[in-house]
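Enquirer: The whole structure should be built from the sequences, with the hints applied where relevant.
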Amino acid sequence: MSRKIGPKQALFEQLAIIAGAFGSAARLELLDFLAQSEHSVDELAKLTGLSVANTSKHLQQLRRTGLVNGRRDGLRVIYSMAGDDVIAAIMSLRNLAESRLAEVDRIVASYLTSKDDLEPVSSAELMARADEGLVTILDVRPPEEYAKEHLPGALNVPLGEMKSRVSSLPKDREIVAYCRGPWCVLSFDAVQLLR
605 MSRKIGPKQA LFEQLAIIAG AFGSAARLEL LDFLAQSEHS VDELAKLTGL SVANTSKHLQ
665 QLRRTGLVNG RRDGLRVIYS MAGDDVIAAI MSLRNLAESR LAEVDRIVAS YLTSKDDLEP
725 VSSAELMARA DEGLVTILDV RPPEEYAKEH LPGALNVPLG EMKSRVSSLP KDREIVAYCR
785 GPWCVLSFDA VQLLR
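Take the working numbering: the last position of the sequence shown gets the number 799, and nothing is skipped along the way.
Treat the hints as calculated values from the structure; they're not laboratory data.
None of these values were measured; they are calculated from a predicted model.
Wrong hints could be hidden among the right ones.
[Said to hold, decoys possible] Taking lysine to aspartate or glutamate pairs in the EDC-like style, the calculated list, with each CA pair at most 20 Å apart, reads:
hint : residue 1 : residue 2
1    : K752      : E647
2    : K752      : D646
3    : K661      : D636
4    : K752      : D688
5    : K752      : D677
6    : K767      : E778
7    : K661      : E647
8    : K661      : E633
9    : K775      : D735
10   : K775      : E765
11   : K752      : D636
12   : K650      : D677
13   : K650      : D793
14   : K752      : E642
15   : K752      : E633
16   : K661      : E642
17   : K650      : E633
18   : K661      : D646
19   : K767      : D793
20   : K752      : D689
21   : K775      : E736
22   : K650      : D636
23   : K650      : E748
24   : K661      : D677
25   : K650      : E765
[What the hints assert, rightly or not] Here are the in silico distance ranges between beta carbons for each label pair:
hint : residue 1 : residue 2 : range
26   : E753      : F616      : 34 to 40 Å
27   : D688      : K608      : 33 to 39 Å
28   : N673      : S696      : 17 to 23 Å
29   : I609      : Y715      : 40 to 46 Å
30   : E617      : R698      : 23 to 29 Å
31   : D688      : L798      : 29 to 35 Å
32   : E765      : I621      : 38 to 44 Å
33   : K775      : F626      : 42 to 48 Å
34   : D646      : D735      : 36 to 42 Å
35   : D646      : R710      : 33 to 39 Å
Backbone N, C-alpha and C define an ideal beta-carbon position, used for all residues, glycine too.
Expert: Here is the structure:
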């Protein structure tokens with residue numbers, strides 16, 4: 605005998621559809637990139653290291669669940685985040701993982717925290733130092749993300765260009781590198797190259 609599904613169960617089924625879209629590390633990484641700026645399938649495949657076919661498949665699932673939008677640009681489809689509520693959901697998921705999973709703490713401690721004796725700086729303090737001419741701010745994200753939004757006065761020096769551009773950076777100021785967020789390793793890698 606099958607169970608009759610009531611409105612409460614039907615709502616939980618819809619919630620499970622959204623939860624399922626978040627249930628893939630690859631899709632979460634795609635969402636992380638889309639939170640920064642819109643991208644084509646090819647760009648996202650390159651950024652994530654996934655095949656174009658796999659990237660497209662994941663994006664289609666995210667689009668079906670309403671988490672991302674897609675628009676045509678000639679033959680390409682350009683994807684973007686569907687809204688700030690999706691970004692808030694990802695941040696909540698990250699916060700939940702940090703508070704409930706010991707492995708997250710271990711990974712953060714071993715790779716992101718103890719990678720160097722770097723001084724974390726709040727954005728307000730960083731901007732105050734920049735206004736006083738004490739620091740040069742480097743945005744090490746790809747140019748497309750920098751173009752969408754960046755800190756005032758920040759120079760865009762993507763990680764791949766760091767070695768060739770290091771000689772053009774001011775020598776009389778501290779250099780502060782930033783990237784996407786608390787789990788982004790680009791700024792750590794940039795500091796290693798600058799040394």
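Enquirer: The structure should be examined with respect to each hint, and the outcome stated for every one.
Expert: Verification of the hints:
no.	hint	in the structure
1	K752 with E647	holds (15 Å)
2	K752 with D646	holds (19 Å)
3	K661 with D636	holds (17 Å)
4	K752 with D688	holds (15 Å)
5	K752 with D677	holds (18 Å)
6	K767 with E778	holds (17 Å)
7	K661 with E647	holds (14 Å)
8	K661 with E633	holds (14 Å)
9	K775 with D735	holds (17 Å)
10	K775 with E765	holds (18 Å)
11	K752 with D636	holds (15 Å)
12	K650 with D677	holds (18 Å)
13	K650 with D793	holds (19 Å)
14	K752 with E642	holds (9 Å)
15	K752 with E633	holds (19 Å)
16	K661 with E642	holds (17 Å)
17	K650 with E633	holds (12 Å)
18	K661 with D646	holds (12 Å)
19	K767 with D793	holds (12 Å)
20	K752 with D689	holds (19 Å)
21	K775 with E736	holds (16 Å)
22	K650 with D636	holds (14 Å)
23	K650 with E748	holds (14 Å)
24	K661 with D677	holds (19 Å)
25	K650 with E765	holds (17 Å)
26	E753 with F616: 34 to 40 Å	holds (36 Å)
27	D688 with K608: 33 to 39 Å	holds (37 Å)
28	N673 with S696: 17 to 23 Å	holds (21 Å)
29	I609 with Y715: 40 to 46 Å	holds (44 Å)
30	E617 with R698: 23 to 29 Å	holds (25 Å)
31	D688 with L798: 29 to 35 Å	holds (33 Å)
32	E765 with I621: 38 to 44 Å	holds (41 Å)
33	K775 with F626: 42 to 48 Å	holds (45 Å)
34	D646 with D735: 36 to 42 Å	holds (39 Å)
35	D646 with R710: 33 to 39 Å	holds (34 Å)
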